[in-house]
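Q: Converting from the sequence shown to my numbering requires adding 223 to each position, the first position being numbered 1.
Worth flagging that the hints you see were computed from the coordinates, not collected in a lab.
Be a bit skeptical, because a hint or two may be false.
Ranges of calculated distance between the beta carbons of each label pair, as one might list FRET restraints [claimed, not checked]:
hint	residue 1	residue 2	range
1	Arg-362	Pro-382	20 to 28 Å
2	Gly-375	Ser-242	43 to 51 Å
3	Asn-243	Arg-389	36 to 44 Å
4	Ser-287	Lys-241	32 to 40 Å
5	Ser-348	Arg-247	46 to 54 Å
6	Gly-375	Leu-311	25 to 33 Å
7	Glu-289	Ser-348	33 to 41 Å
8	Ala-340	Gly-300	21 to 29 Å
9	Trp-246	Arg-362	42 to 50 Å
10	Asn-243	Ser-293	30 to 38 Å
We put the CB at the ideal spot given by N, CA and C, even for glycine.
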Amino acid sequence: WLPAPSRAGWDGTRYWFKSNGQWRWTSHQSVYLQRTGGAAGTGTTGGATVPPKTTAPPKANTGSLEPALSYALAQLGKPYIWGGNGYLGYDCSGLVQQAYRRAGISLPRVASDQYGATTKISSSSLRRGDLIFWSSNGRQSGVHHVAVYLGGGRYVEAPRPGVNIRISSLSNGYAPNLFGRP
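Kindly generate the complete structure, drawing on both the sequences and the hints.
A: Laid out in structure tokens, this is it:
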């Protein structure tokens, strides 16, 4: 069972559409286009945005990270779901991966691999849009949590089971010890 979306189209993991008055979904763009009567390659169907069909991951983008931050902030209040990668909820690395995808940056799925894919920076170099990591041993092999730095000592995170996606403060006593720039 999945809750019905507010509109037809791509939600980051599924194509949603109404069929006989019921919400349905598919992971295949071709099926979505067939069921909704959309024309392949138009980018939209029934007013809903459809991502272009591609097999290549998004390319790195040196442009603005604001789409990533906006996406992450739009998920506030959604539940933490272990292995969650969208729509219903996220875990920490799923939230980061999906957010940065909106800015054209392809990151790996797991927090430790995400750290490995960033340019390492110091805490004094932190700026809005950087990633902050918690590591049990101070190295990539110990990374167990990641969040998106918002600036002003605040960050957005999918913290742990039972706690919804939220904005937290670096002054809360649970300090990150690794930092990276996507």
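Q: Starting from the hint list further up, note which numbers the structure goes against and sort them upward.
A: 7
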